[in-house]
Structures are given as C-alpha cells and as structure tokens.
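Participant: Here are the chains, one letter per residue:
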Amino acid sequence: DAGITQSPRHKVTETGTPVTLRCHQTENHRYMYWYRQDPGHGLRLIHYSYGVKDTDKGEVSDGYSVSRSKTEDFLLTLESATSSQTSVYFCAIRMGTELSEQYFGPGTRLTVT
Amino acid sequence: AQSVTQLGSHVSVSEGALVLLRCNYSSSVPPYLFWYVQYPNQGLQLLLKYTSAATLVKGINGFEAEFKKSETSFHLTKPSAHMSDAAEYFCAVTDSGTYKYIFGTGTRLKVLA
Chain C
10 DAGITQSPRH
20 KVTETGTPVT
30 LRCHQTENHR
40 YMYWYRQDPG
50 HGLRLIHYSY
60 GVKDTDKGEV
70 SDGYSVSRSK
80 TEDFLLTLES
90 ATSSQTSVYF
100 CAIRMGTELS
110 EQYFGPGTRL
120 TVT
Chain Z
11 AQSVTQLGSH
21 VSVSEGALVL
31 LRCNYSSSVP
41 PYLFWYVQYP
51 NQGLQLLLKY
61 TSAATLVKGI
71 NGFEAEFKKS
81 ETSFHLTKPS
91 AHMSDAAEYF
101 CAVTDSGTYK
111 YIFGTGTRLK
121 VLA
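Chains as they are written, first to last, in the working numbering: chain C, 10 to 122; chain Z, 11 to 123.
Just so you know, not all the hints are guaranteed correct.
[Said to hold, decoys possible] With a straight-line cut-off of 25 Å between C-alpha atoms, the simulated DMTMM-like cross-links for lysine to aspartate or glutamate are: (1) Z:Lys110 / C:Asp63; (2) C:Lys62 / C:Asp47; (3) Z:Lys68 / C:Glu110; (4) Z:Lys79 / Z:Glu25; (5) C:Lys66 / C:Asp82; (6) C:Lys20 / C:Glu110; (7) Z:Lys79 / C:Glu110; (8) C:Lys66 / Z:Asp105; (9) Z:Lys78 / C:Asp71; (10) Z:Lys120 / C:Glu81; (11) Z:Lys120 / Z:Asp105; (12) Z:Lys120 / C:Asp47; (13) Z:Lys59 / C:Glu23; (14) Z:Lys110 / C:Asp71; (15) Z:Lys59 / C:Asp71; (16) Z:Lys59 / C:Glu68; (17) Z:Lys68 / Z:Asp95; (18) Z:Lys78 / Z:Asp105; (19) Z:Lys110 / C:Glu23; (20) C:Lys79 / C:Asp47; (21) Z:Lys110 / C:Asp82; (22) Z:Lys59 / C:Glu88; (23) Z:Lys110 / C:Glu110; (24) Z:Lys110 / C:Asp47; (25) C:Lys79 / C:Glu23; (26) C:Lys62 / C:Glu23; (27) Z:Lys78 / C:Asp82; (28) Z:Lys120 / Z:Glu74; (29) Z:Lys59 / Z:Glu81; (30) Z:Lys68 / Z:Asp105; (31) C:Lys20 / Z:Glu25; (32) Z:Lys110 / C:Glu81.
Honestly, the hints are just simulated from the structure, not real lab data.
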C-alpha cells in the first residue's frame, strides 16, 4: 500500500464549470502522475510531476492544468469542464528509483453533463 | 518513441485453461516492462515487472511473463485460469532517461465456468 488517496471519488458537474481533483500520498515520493482511462484507449498521461512546483505535460494535457505546492499533494484542474472530459482519472506515484513500478490510487469517476 | 500493443481487447478462456495475454513493445533502448491488473472499480495493481535481471518473470497470483527481445514481446501467461482472474490487464513500458510510462489499451479477460 503506497498510501495514495484521491478525492472526490465520484463527481458530476456541468459543462463549463471548473473542477479540481486531488491526489494525496503519505510517503513523500518524488514522482506523481495523472492519467485518464477511457474504453479502448487504456491509460493516457495527462500531466506528471517530478518535484514540488516541477510539472510537465503528458500526451493529453489540453484543457487540464496541475499544481504541486507540497510533496504530498498533486492537484488536477479542469478549468472549464467539457463532456469529452468525462472519464475515470487515476493518480499514480513512482516507487523508489528510476525504472521502478508505479502505484495507483483508487480513481475518480468524473461525469460532465 | 516507445509504444505498446496488446493484441485482443477481449479474451475468453474456460476455467482451468491456459491464459495467454499478448503484449508487444517498441523501444529504441532496453525497455523495462510491466503487467498490471485492474479489477472492477479499482485502480491498477502491479502483477510483475521485467528489469533485465531475468527473461522469465514470475508475478503474483500464479502469473508469469517472458521477455523475448527477438520478438519484442512480453506475453503474460498463467497455466490454469481461475474465476477470480477475470479482470482487465495492462502492459506498460518505460526506459531509462524518461519519467514516463506508456500503457497498452488493455485486454479484458473473461473466465468461463
């Protein structure tokens, strides 16, 4: 158990509203990731972080921003939610050194109506 | 660029039969490969990983995978399927010099009684 929690676990919101998802870890791992999971696409990387205030874009970053002001928290923000952002969002951390595996949070199911 | 291809989005096997889930990768440098399992409404859990120490890797729940460089493959097998193996399985790749992991699109395993 890597001590990863995500909040909220479920959210329904309307098109055009801002939404922030939170990922919290308890073990001070340096690398944190946000993915979205959609049928037929597997997991796609949205953004990742390699330290406090150090973040970079993944393959599907348009419409998303992130922030990491503390080691333990990695926030994903949808500035103006769209229906195409309806998805399941997973946070992950990378354990240990380079080439280690990732550990995943339980996910947040987001529905944009 | 790295990529992962999982052949067969859905696989059905009878209980007690061999499980074979296919994963082929593309990488310009020695890859590090992972198999994850996802049960309904949960995050991904690591099944096993290849990090060049041995080409045959044993994981949890009786699964194993063999790294074959000549075939650029890392197929997942289990000699005898159990009903509890029904889940979605993801292959992933990373390599040194990157913080990123690339995931396949997943294979949903169904086990028939």
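Participant: For every hint, state whether the structure bears it out.
Facilitator: Results of checking the hints against the structure:
Between Lys110 (chain Z) and Asp63 (chain C), the direct Cα distance comes to roughly 14 Å. Compliance with the 25 Å bound is thereby established for this hinted pair. With a C-alpha separation of about 28 Å, the suggested pair Lys62 (chain C) and Asp47 (chain C) falls outside the 25 Å cut-off, and the hint is violated. Pair hint Lys68 (chain Z) plus Glu110 (chain C) holds up; C-alpha atoms about 15 Å apart against a cutoff of 25 Å. With a C-alpha separation of about 31 Å, the suggested pairing of Lys79 (chain Z) with Glu25 (chain Z) is violated against the 25 Å cut-off.
A threshold of 25 Å between alpha carbons decides the hint, and for Lys66 (chain C) with Asp82 (chain C) the separation of about 17 Å falls inside it, so the pair holds. Of the supplied pair hints, the one linking Lys20 (chain C) and Glu110 (chain C) is violated, its CA atoms being roughly 29 Å apart against a limit of 25 Å. Between Lys79 (chain Z) and Glu110 (chain C), the direct Cα distance comes to roughly 20 Å. Compliance with the 25 Å bound is thereby established for this hinted pair. Taken as a hint, the Lys66 (chain C) and Asp105 (chain Z) pair is honoured in the structure, with Cα atoms around 18 Å apart against an allowance of 25 Å.
Restraint check: the Cα-Cα separation between Lys78 (chain Z) and Asp71 (chain C) comes to about 36 Å, which exceeds 25 Å; the hinted pair is violated. A hinted pair counts as satisfied when its Cα atoms are at most 25 Å apart, and Lys120 (chain Z) with Glu81 (chain C) does not qualify at roughly 37 Å. Only pairs whose Cα atoms come within 25 Å are accepted, and Lys120 (chain Z) paired with Asp105 (chain Z) is rejected, the gap being roughly 31 Å. Among the hinted pairs, Lys120 (chain Z) with Asp47 (chain C) is consistent with the structure: their alpha-carbon atoms are about 19 Å apart, no more than 25 Å.
At roughly 40 Å between alpha-carbon atoms, Lys59 (chain Z) and Glu23 (chain C) are farther apart than 25 Å, so this suggested pair is violated. In summary, the hint linking Lys110 (chain Z) to Asp71 (chain C) is supported, as the alpha carbons are separated by about 18 Å, within the 25 Å threshold. Our distance criterion of 25 Å between C-alpha atoms is broken by Lys59 (chain Z) and Asp71 (chain C), whose separation comes to about 31 Å. For the given pair, Lys59 (chain Z) sits about 24 Å from Glu68 (chain C) by alpha-carbon distance, which is consistent with the 25 Å threshold.
A threshold of 25 Å between alpha carbons decides the hint, and for Lys68 (chain Z) with Asp95 (chain Z) the separation of about 16 Å falls inside it, so the pair holds. For the hint linking Lys78 (chain Z) to Asp105 (chain Z), the alpha-carbon distance of about 16 Å falls within 25 Å, and the restraint holds. Between Lys110 (chain Z) and Glu23 (chain C) the alpha-carbon distance is near 32 Å, which puts this suggested pair outside the 25 Å criterion. Our distance criterion of 25 Å between C-alpha atoms is broken by Lys79 (chain C) and Asp47 (chain C), whose separation comes to about 29 Å.
For the hint pairing Lys110 (chain Z) with Asp82 (chain C), the CA-to-CA distance comes to about 19 Å; that is within 25 Å, so the pair holds. Using a Cα cut-off of 25 Å, the hinted pair Lys59 (chain Z) and Glu88 (chain C) is violated, with the two alpha carbons roughly 36 Å apart. Simply put, Lys110 (chain Z) and Glu110 (chain C) have alpha-carbon atoms about 11 Å apart, close enough for the 25 Å limit, and the pair holds. Only pairs whose Cα atoms come within 25 Å are accepted, and Lys110 (chain Z) paired with Asp47 (chain C) is accepted, the gap being roughly 19 Å.
At most 25 Å may separate the alpha-carbon atoms for a hinted pair to count; Lys79 (chain C) and Glu23 (chain C) exceed this at roughly 29 Å. In summary, the hint linking Lys62 (chain C) to Glu23 (chain C) is not supported, as the alpha carbons are separated by about 29 Å, beyond the 25 Å threshold. Straight-line distance between C-alpha atoms of Lys78 (chain Z) and Asp82 (chain C) comes to about 39 Å, which puts the hinted pair past the 25 Å bound. At most 25 Å may separate the alpha-carbon atoms for a hinted pair to count; Lys120 (chain Z) and Glu74 (chain Z) meet this at roughly 18 Å.
Pair hint Lys59 (chain Z) plus Glu81 (chain Z) holds up; C-alpha atoms about 18 Å apart against a cutoff of 25 Å. Straight-line distance between C-alpha atoms of Lys68 (chain Z) and Asp105 (chain Z) comes to about 20 Å, which keeps the hinted pair within the 25 Å bound. A C-alpha spacing of about 37 Å is found between Lys20 (chain C) and Glu25 (chain Z), which places the hinted pair above 25 Å, so the restraint is violated. For the given pair, Lys110 (chain Z) sits about 19 Å from Glu81 (chain C) by alpha-carbon distance, which is consistent with the 25 Å threshold.
Violated hints for the displayed structure, listed by number in ascending order: 2, 4, 6, 9, 10, 11, 13, 15, 19, 20, 22, 25, 26, 27 and 31.
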